[in-house]
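Build the full structure now, drawing on both the sequences and the hints.
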Amino acid sequence: MELLSGADMVARFLADEGVEYIYGYPGGALLHIYDALFQQDKVQHILVRHEQAATHMADAYARATGKPGVVLVTSGPGATNAVTGIATAYMDSIPMVVISGQVMSHLIGEDAFQECDMVGVTRPVVKHNMSIKSPEEIPMALKKAFYIASTGRPGPVVVDIPKDMTTPTERYEYVYPESVKLRSYNPVTRGHSGQIKKAVELLVNAKRPVILAGGGVIHANASEQLTELARMLNYPVVNTLMGLGTYPGTDPQFLGMPGMHGSVEANMAMHHADMILNLGSRLDDRITNATEKFCPTAKLVHVDIDPSSISKTVAADVPIVGPLDSVLNEILKLAKASEVERDEEALATWWQQIEEWRRRHGGRYRTDDSELMKPQQVVEALCKVTKGDAYVCSDVGQHQMFAAQYYKFNKPRRWLNSGGLGTMGYGLPAAMGVKLNFPDEEVVCVTGEGSIQMNIQELSTCAQYNLPLKIVCINNQSLGMVRQWQDLNYESRHSQSYMESLPDFTKLVEAYGHVGMEVTRLEELESTLEKAFAMKDKLVFINVYVDPYEHVYPMQVPKASMRDMWLSKTERT
Amino acid sequence: MRHIISVLMENEAGALSRVVGLFSQRNFNIESLTVAPTEDPTLSRLTLTTIGHDGVIEQITKQLNKLIEVVKLVDLTEGDHIERELMLIKVKALGSQRAEVIRNVDIFRGQVVDVTSSVYTVQLTGDSAKLDAFIEVLGPTNVLEVVRTGVSGIARGEKVLSL
Numbered sequence: 001m002e003l004l005s006g007a008d009m010v011a012r013f014l015a016d017e018g019v020e021y022i023y024g025y026p027g028g029a030l031l032h033i034y035d036a037l038f039q040q041d042k043v044q045h046i047l048v049r050h051e052q053a054a055t056h057m058a059d060a061y062a063r064a065t066g067k068p069g070v071v072l073v074t075s076g077p078g079a080t081n082a083v084t085g086i087a088t089a090y091m092d093s094i095p096m097v098v099i100s101g102q103v104m105s106h107l108i109g110e111d112a113f114q115e116c117d118m119v120g121v122t123r124p125v126v127k128h129n130m131s132i133k134s135p136e137e138i139p140m141a142l143k144k145a146f147y148i149a150s151t152g153r154p155g156p157v158v159v160d161i162p163k164d165m166t167t168p169t170e171r172y173e174y175v176y177p178e179s180v181k182l183r184s185y186n187p188v189t190r191g192h193s194g195q196i197k198k199a200v201e202l203l204v205n206a207k208r209p210v211i212l213a214g215g216g217v218i219h220a221n222a223s224e225q226l227t228e229l230a231r232m233l234n235y236p237v238v239n240t241l242m243g244l245g246t247y248p249g250t251d252p253q254f255l256g257m258p259g260m261h262g263s264v265e266a267n268m269a270m271h272h273a274d275m276i277l278n279l280g281s282r283l284d285d286r287i288t289n290a291t292e293k294f295c296p297t298a299k300l301v302h303v304d305i306d307p308s309s310i311s312k313t314v315a316a317d318v319p320i321v322g323p324l325d326s327v328l329n330e331i332l333k334l335a336k337a338s339e340v341e342r343d344e345e346a347l348a349t350w351w352q353q354i355e356e357w358r359r360r361h362g363g364r365y366r367t368d369d370s371e372l373m374k375p376q377q378v379v380e381a382l383c384k385v386t387k388g389d390a391y392v393c394s395d396v397g398q399h400q401m402f403a404a405q406y407y408k409f410n411k412p413r414r415w416l417n418s419g420g421l422g423t424m425g426y427g428l429p430a431a432m433g434v435k436l437n438f439p440d441e442e443v444v445c446v447t448g449e450g451s452i453q454m455n456i457q458e459l460s461t462c463a464q465y466n467l468p469l470k471i472v473c474i475n476n477q478s479l480g481m482v483r484q485w486q487d488l489n490y491e492s493r494h495s496q497s498y499m500e501s502l503p504d505f506t507k508l509v510e511a512y513g514h515v516g517m518e519v520t521r522l523e524e525l526e527s528t529l530e531k532a533f534a535m536k537d538k539l540v541f542i543n544v545y546v547d548p549y550e551h552v553y554p555m556q557v558p559k560a561s562m563r564d565m566w567l568s569k570t571e572r573t
Numbered sequence: 574m575r576h577i578i579s580v581l582m583e584n585e586a587g588a589l590s591r592v593v594g595l596f597s598q599r600n601f602n603i604e605s606l607t608v609a610p611t612e613d614p615t616l617s618r619l620t621l622t623t624i625g626h627d628g629v630i631e632q633i634t635k636q637l638n639k640l641i642e643v644v645k646l647v648d649l650t651e652g653d654h655i656e657r658e659l660m661l662i663k664v665k666a667l668g669s670q671r672a673e674v675i676r677n678v679d680i681f682r683g684q685v686v687d688v689t690s691s692v693y694t695v696q697l698t699g700d701s702a703k704l705d706a707f708i709e710v711l712g713p714t715n716v717l718e719v720v721r722t723g724v725s726g727i728a729r730g731e732k733v734l735s736l
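Protein sequences appear in the order of chains R and A.
Using this note's numbering, the first residue of the first sequence is number 1, and each one after it goes up by one.
Using this note's numbering, the first residue of the second sequence is number 574, and each one after it goes up by one.
Derived by calculation from the structure, the hints in this document are not laboratory data.
Incorrect hints may appear among the rest.
Listed next, with one range per pair, are the computed distances between beta-carbon atoms [as the list claims (entries may be wrong)]:
#, chain 1, residue 1, chain 2, residue 2, range
1, R, E341, A, K732, 44 to 52 Å
2, R, Q457, A, E604, 26 to 34 Å
3, R, P168, A, E731, 54 to 62 Å
The C-beta atom is built at its ideal place from N, Cα and C for all residues, glycine as well.
Structure below.
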């Protein structure tokens with residue numbers, strides 16, 4: 001029997017759970033735990049410069065690996081600073097365990113120094129949270145946290161630990177809990193076979209099918225099954241923003257992304273489909289446009305591990321609750337065995353129609369209306385230089401949409417972005433989280449001059465841990481997406497969307513010990529990127545000046561159906 | 574339509590606030606809520622009434638089921654059920670009013686549980702409509718104070734909500 005203090009239990013449990021890195025920032029309520037971490041060498045702590053970055057680093061580790069990322073923040077402001085990152089993970093169903101310090105139990109409720117009701121504050125943005133009431137609970141509470149975070153529909157779990165639960169002199173028996181069982185939480189392990197049969201029947205009899213794959217396919221590691229199914233049936237595949245990479249982006253059967261800034265062929269195909277197989281997309285407002293006009297002729301099969309995601313926005317004709325890997329395996333098996341004679345002629349006509357839509361826009365953009373480079377050109381060059389194989393961590397705004405549209409992801413878990421919450425400041429810490437865990441991979445943060453400044457202090461963390469990632473700052477000197485909406489809806493009254501007094505980014509990154517580069521002309525773009533990526537052991541910040549007047553297209557017309565889009569500033573479907 | 578949802582959940586600190594938080598977070602309506610531990614002290618039974626169309630009720634039950642502490646739930650209004658609410662009501666009782674109040678209490682099968690020279694405190698159980706009717710019969714000028722527990726309910730027959 002081993003006796004450990006609460007603080008030692010935290011450190012020891014994390015080691016026993018196989019956690020390599022935790023991301024955090026110390027403070028009064030955590031001093032015992034930080035002392036315990038100091039006295040062991042299994043779990044490495046990464047010191048960020050702001051707690052939000054710790055959560056994004058852990059989140060990125062989870063997105064890249066599928067395993068929960070671990071965060072350690074102190075009570076009060078440490079905890080509240082982490083909330084944005086927790087909410088980001090919650091919206092995108094990312095497994096994460098956040099350990100927050102809390103003031104001593106006897107002070108709770110007295111408005112003590114650095115006290116904040118973390119369990120209360122995070123309640124709406126976590127999968128679950130809990131507060132430790134006695135030190136003996138720590139190992140099992142943490143085990144529960146990891147279990148809940150990583151099973152079913154993944155999500156963040158907060159464990160709040162009052163300081164007196166970690167007192168070094170008070171020791172308790174420690175046993176690593178190998179497993180955990182909860183009577184009130186039993187994630188479903190397979191889909192209903194009758195429903196799956198119905199789905200396959202619709203699938204093989206479809207004349208105008210579309211397979212829509214979302215983030216759920218990534219969480220379930222089911223890309224292979226998806227690809228096999230789509231190729232076997234020769235059906236078109238659409239990937240949501242969260243699902244990019246689950247189907248090869250360079251494959252001719254890939255139609256791109258649906259929704260607000262989706263491709264013409266993806267939106268048109270979905271609107272005119274007679275059957276949509278939705279795999280793990282929650283069909284949020286950025287995809288459906290007006291739900292009452294959503295895909296009027298389609299039978300909708302919706303597979304999701306979370307029953308509440310089914311028929312939440314759009315009623316499903318065949319709902320299937322289950323993990324996508326096992327459901328897809330069963331769909332594949334039944335589809336292969338199906339003796340239904342498929343209507344090849346209808347499918348050929350469908351593909352003809354899709355190719356026509358593809359030609360209609362095809363991701364073209366004007367280059368003759370500005371002296372400056374276009375943001376799309378930057379992403380295309382980046383994709384070329386990195387051979388489409390980098391981990392791309394995006395911030396939020398126009399550059400995010402351009403990256404999603406023009407970087408062709410052929411593998412899952414390579415595209416990391418805050419899709420649900422839309423958190424500016426996500427990109428840099430996310431890239432750090434990936435680079436730390438995958439030091440031999442190319443990791444790039446695609447950002448803008450607005451987003452990067454939301455967590456730019458992390459350049460210091462990058463220097464401390466030698467994280468030679470690349471930052472491509474698509475600099476349009478304005479909050480591009482805000483400006484775009486102001487152009488479209490507010491007669492170009494650019495209220496607060498202009499970034500004045502930008503820093504000299506090159507000097508700034510040099511001050512942090514990194515390399516800064518600038519690109520102002522298209523001719524220099526590729527060569528500069530190549531030069532930057534050749535500097536394997538340096539963080540390089542590439543500041544690229546682009547046309548500030550560019551808009552993201554296609555763009556769905558508000559309150560209309562999926563097929564109603566602006567294709568450029570002047571052209572509509 | 575009005576629904577009565579009965580929830581069996583872990584009797585843990587914070588579980589109730591999670592349920593209540595869910596309703597405000599997701600813009601669900603909550604008409605009444607009552608909660609207490611069951612015969613098994615590790616479990617609580619929570620009954621809530623809410624109003625919404627089928628889609629909303631479906632979301633409410635799915636979202637409640639997602640809460641880690643929720644063990645099971647049932648929408649009682651989907652089947653035959655019994656619902657009861659308890660009300661304590663203070664009524665002005667002066668002069669001739671005193672006999673009139675007693676008559677009404679008898680008609681509604683209530684009980685006078687406390688008496689002063691000018692006030693009766695009446696206890697009444699029944700479904701919500703019955704309690705509403707009693708208040709109306711007494712008349713708004715005579716009612717001094719009303720306390721209602723909110724609806725509690727149980728399915729008829731063999732059906733039970735348990736582990």
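For each hint, the structure was consulted:
For E341(R) and K732(A), the Cβ-Cβ distance of about 47 Å falls inside the hinted range of 44 to 52 Å, so the restraint holds. Judged by the Cβ atoms, the range 26 to 34 Å given for Q457(R) and E604(A) is violated: they are separated by roughly 48 Å. The hint said 54 to 62 Å for the Cβ distance between P168(R) and E731(A), and at roughly 56 Å that hint holds.
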